[in-house]
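Spelled out from the first residue to the last, the chains are:
There are 2 protein chains.
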Amino acid sequence: MSSSATAPWKQILLNSISSNSHLKHSIYFQLATVGSNGRPSNRTVVFRGFQDGTDKIQINSDSRSRKIEDLKHCPFAEVCWYFTETWEQFRIHGRVDMIDASNSDPDKLRQREVAWFAGSVRSRLQYLGLTPGLPSLDEQPSNDSLDPSAGPVDAFCLLVLDPEKVDYLNLKSNERLAFSTGRSVNVFFVACWKPPTIQNILFGEYW
Amino acid sequence: MSSSATAPWKQILLNSISSNSHLKHSIYFQLATVGSNGRPSNRTVVFRGFQDGTDKIQINSDSRSRKIEDLKHCPFAEVCWYFTETWEQFRIHGRVDMIDASNSDPDKLRQREVAWFAGSVRSRLQYLGLTPGLPSLDEQPSNDSLDPSAGPVDAFCLLVLDPEKVDYLNLKSNERLAFSTGRSVNVFFVACWKPPTIQNILFGEYW
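Chains S and B are the protein sequences, given in the same order. Heads up, the first sequence is in the numbering used here, so the first residue is 69 and it goes up one at a time. Heads up, the second sequence is in the numbering used here, so the first residue is 69 and it goes up one at a time.
Keep in mind that a hint or two might mislead.
Claimed, not checked - Pair by pair, the computed Cβ-Cβ distance ranges are:
#1 B:153 with S:79: 28 to 34 Å
#2 S:115 with B:89: 24 to 30 Å
#3 S:169 with B:219: 55 to 61 Å
#4 S:106 with B:91: 33 to 39 Å
#5 B:118 with S:121: 45 to 51 Å
#6 B:248 with S:169: 30 to 36 Å
Stated by the list, open to error - Capping the alpha-carbon separation at 27 Å, the derived lysine-lysine pairs in DSS-like fashion look like this:
#7 B:233 with B:78
#8 B:140 with B:176
#9 S:233 with S:78
#10 B:92 with S:92
#11 S:78 with S:92
#12 S:78 with S:240
#13 B:176 with B:233
#14 S:92 with B:240
#15 B:78 with B:240
#16 B:92 with S:240
#17 S:233 with S:140
#18 S:140 with B:233
#19 S:176 with S:78
#20 B:240 with B:92
#21 S:140 with S:176
#22 S:140 with B:140
#23 S:233 with B:140
#24 B:92 with B:78
Unchecked claim - On the chain B side, residues computed to face chain S include the following (Cβ under 8 Å):
#25 93
#26 96
#27 100
#28 106
#29 107
#30 108
#31 110
#32 111
#33 142
#34 145
#35 147
#36 157
In case anyone wonders, no lab produced these hints; they're calculated from the structure. Cβ coordinates follow ideal geometry from the N, Cα and C atoms, glycine included.
Make the full structure from the sequences, and use the hints.
Okay, structure coming up:
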């Protein structure tokens, strides 16, 4: 979506984040990708904020992780973000830009650097660890240390999801909103769906 | 996985369900599928228990929903189930069997019937509603009623996920267990991974 216009769903999402902010897990969501074998993958990741001045969603990742492999095969992902306090679900579908050390765009490399320093030093240490996904045979924990002023290490990859479609569901009010954008014209089509016959929409049975 | 042997991850999952059972949302998880366009979909669904005597996971669905279309294209799905109280994540990958009214197997139709009656009458009413995924233009809510003793309606579809791989992560103990099964021999390979160097595995950056 355009960086110059704020998507109508963004304020709804910001409100949900705010209403649930007392819960540690409220910034966790599930990210689905497609592997090179054509099968789905799904894992919990941490919301790292919106890219400045845009509606794009940031996620930190290890370049060696399976999802990077998946995204190289298919650059689309779908977020499913359920807020347990307010009973709201956001499904956010879009293309993911992977910004790693090899990126040639100075602006993107700057974004990656900002994301790196936005994380705690402890969280940065993670990227010095073993190859993710492989069991460790080493009995001794490594004693990696990190200069807090040092920039991103090679394994640090910033993922930036650019939403194309957002499906919002509020299980308390029975409100459902579907947002989509024609990328060339940046027009949002907003459909407010009336509550179904029964008061509670049961999860996942309708869609 | 075989119906005659209990998978080693099942007891861990049952413990997690039990430890989090005071939270309404603890039986919700995210189900990722792949659409006919090759892109991922992701939505929250409700755990409807294990199929009797097996490790297979049951989910109720509307035959008209998007995920049924997805599963006809690619029968594999991945569950991501995060327990917010105990900080545990289960990623469960497997093939999904769709049991709808047209199924020719009497045993499967019986399972579908059992699943139908296991739901509340109110939840069953949902399947009499409008086509899912389409906005309603009708101002009047429909007055569908349902005989509580009536069997499953056409739109009711039981999904049964047969796990092939399970990845368990405990963020409190830093324990990670990977289970997989060779389907022909039904042997589980269990790998207990040592904690990484840092104490907290940050979500989704490693995998």
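Hey, residue 78 of chain S versus residue 240 of chain S, does the alpha-carbon distance stay inside 27 Å?
-> Given pair residue 78 of chain S, residue 240 of chain S holds - Cα atoms ~19 Å apart, limit 27 Å.
27 Å limit on alpha-carbon distance, applied to hinted pair residue 176 of chain B and residue 233 of chain B = Roughly 23 Å between the alpha carbons, so the hint for residue 176 of chain B and residue 233 of chain B holds.
Agreement of residue 233 of chain S and residue 78 of chain S with the hint, judged by alpha carbon distance not exceeding 27 Å | OK: residue 233 of chain S and residue 78 of chain S at ~12 Å, within 27 Å.
Could you check if residue 106 of chain B really has its C-beta closer than 8 Å to a C-beta on chain S?
-> 6 Å, holds
For the range 55 to 61 Å, tell me whether the beta carbons of residue 169 of chain S and residue 219 of chain B fit it or not.
-> With a Cβ separation near 59 Å, residue 169 of chain S and residue 219 of chain B satisfy 55 to 61 Å, so the hint holds.
Would the stated hint for residue 93 of chain B survive a check requiring a Cβ distance to chain S of less than 8 Å?
-> 4 Å, holds
Holds or violated: residue 78 of chain S to residue 92 of chain S, with C-alpha atoms at most 27 Å apart = 21 Å, holds
Pair hint outcome, residue 140 of chain S versus residue 233 of chain B [Cα-Cα no greater than 27 Å] = 23 Å, holds
Proposed proximity, residue 92 of chain B with residue 240 of chain B (alpha carbon, max 27 Å) = Satisfied, since the Cα-Cα distance of roughly 22 Å is no more than 27 Å.
Chain S contact restraint on residue 100 of chain B - CB to CB distance below 8 Å | Interface hint status for residue 100 of chain B: holds (4 Å vs cutoff 8 Å).
Pair hint residue 140 of chain S and residue 140 of chain B, alpha-carbon separation not exceeding 27 Å = Distance ~25 Å between residue 140 of chain S and residue 140 of chain B Cα, so the pair holds.
Measuring from beta carbon to beta carbon, are residue 153 of chain B and residue 79 of chain S in 28 to 34 Å?
-> At roughly 30 Å between Cβ atoms, residue 79 of chain S and residue 153 of chain B fall inside 28 to 34 Å, so the hint holds.
In summary, the structure agrees with every hint in the numbered list given earlier.
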